Amino acid sequence: MTKDRTLGEHMSRRGISRRAFGKYCAYLASTMALSPKMAPAMAQGLAAARRQAVIWLSFQECTGCTESFTRSYSPTLEDLIFDFISLDYHHTLQAASGEAAELAREQSMEENKGKYIVVVDGSVPTKDGGVYSMIAGHTNVDILASTIENAFAVVAVGTCAAFGGLPYAKPNPTGAVAISELVGNKPLINIPGCPPVPEAMTGTIAHILAFGSLPELDDKHRPLAFFGESIHDRCYRRSFYERGLFAKSFDDEGARKGWCLYEVGCKGPIAYNTCATTKWNGGTSFPIQSGHTCFACGSPNFWDQGGFYKSLPSRTSSIGTVAGATAAAGVALGAGAALIAANRKKQYSKET
Amino acid sequence: MDLLSFARGPALQFAIGVFCFGVTWRLAILLFTPQARDLTPARKGALPSPIAGGREVFRRMWPEIHPTGSNMFTTINGYVFHLGLAVIVFGFAPHIQLIKSIFGTAWPSLPNFVIHIAGGVTIASLIAALVKRLTSPVLRLISTLDDYISWAVTIAPLITGYMLVGRLIQPYNTALAVHILSFVVLLIWLPFGKLMHAFIVFISRARTGAYLNHRGAQL
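Each protein sequence line maps, in turn, to chains E and X.
Numbers 1 to 352, taken from the numbering used here, label the letters of the first sequence in order.
Numbers 1 to 219, taken from the numbering used here, label the letters of the second sequence in order.
Hints should not be assumed to be uniformly reliable.
[To be verified] For lysine to any residue, the following SDA-like pairs were computed, each having C-alpha atoms within a straight-line distance of at most 20 Å:
1. Lys279(E) <-> Gly64(E)
2. Lys170(E) <-> Ser5(X)
3. Lys345(E) <-> Pro34(X)
Simulated from the structure, these hints should not be mistaken for laboratory data.
On a predicted model such as this, the values are computed, not experimentally measured, just so you know.
My request is simple: use the sequences and hints to build the entire structure.
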């Protein structure tokens, strides 16, 4: 498919009817919590969209985000890569390697100046000059800076890119930072998650294609359509929380009855993500539905929130030593003050 | 470090340190400062001091309305917000989880609607207590800054908690952090103001009971 051909033209060449395309856009608009009235506008925008150049940079990451992306239910990977976007650079998916791969990136940047989207997964190490992750002899910091210079927008996918993720967790040996700390004023969309829900990634890109603008974002640069509500608020086990019915362990009667997992460490109340509604694997399930707790993997510092299986209100720092030491100090000081007062009283009695 | 991590970690740790220090410091001064001995003989029929003291602790727990009804409001309202606070602190699942993480013990929680009702009633009761304090010339005269600060730090966790549960502050993380921080302020203030009565109320009642019994007062 040439870059000049619109998506609408390409669809009709492949025999996809306007009706099928309209239905698909209605689904997409619904997934993104857009008004039903926006579906025709989205269809019109997508039909007129030209192939979007995308450069995907992988830094300190585990490739889980790409794994998730390739399991996107709709649009499928095939649709996304061949119909929606021109994925010009991606370590895992591209055929080219070595200098040829780097050349493809540079060529795409030159040809699509000011129009291409940079997708980043993984955090960027900054300690010791950024030597802990290098590609083609360049540090991640340098590659990111040069690649985003003429980009239309930056999309940080996965919690590592959005908030630092695992590499950022204490003690952060590589000095990892989130992409937001390195992009300056460049338009940024964070799609966190470990990994992110595929529909959140593809839906966001589809929004950019259809409307030519960034979707509405929250204060953490996350698309509100996918990150506007907490898992807790949309959880089907919420009624058990309200009734005070909790599983006390993963194999007790409460767990078997499907009661709320709050007491075994569910972080649903602080997790803003779309898992509970969009779900995974084509809407099959999500962690809580499978009997496990939510880790709030789309939240900043989720690795350092005091333990995956500790309930949310639990303290996160040691209290016993502090309480013991301060109590001992209080008793000593109080008893000392009482003793001094007693001595003064005695002295006063003697003098008078 | 985000606000929630700060609230759950260092802030709570610091507040518990101040709380433990303050409470033990004040109790130590109270218990270790030598008191002047009462050299007078006990009145005829006086009970042994520990029994008289213990009896006074329980006797004062029972509401006693003055025949004129002048203390009706303060008595009933006092019970309402104290019981409401107890229901919220010891009956709400997240609070039980916090207690469990500190003391290692837990118990079944109450349904949320009970907590919501208790929260609303307690807030209303505390507001009524403030209105009474401000409108009663005598109460206003004897009130100090301590009274108003103690009132404020008591109602603050209730209001922030209510806003948290009702999703009136978004996002939840910020609301939870604000709620925990309001509790942190309460913990820090408690030992140094009138809220310390939570620890010395029984000591002072027992002492008063023993003293009055020794002097032959009818209780």
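Violations among the numbered hints: none
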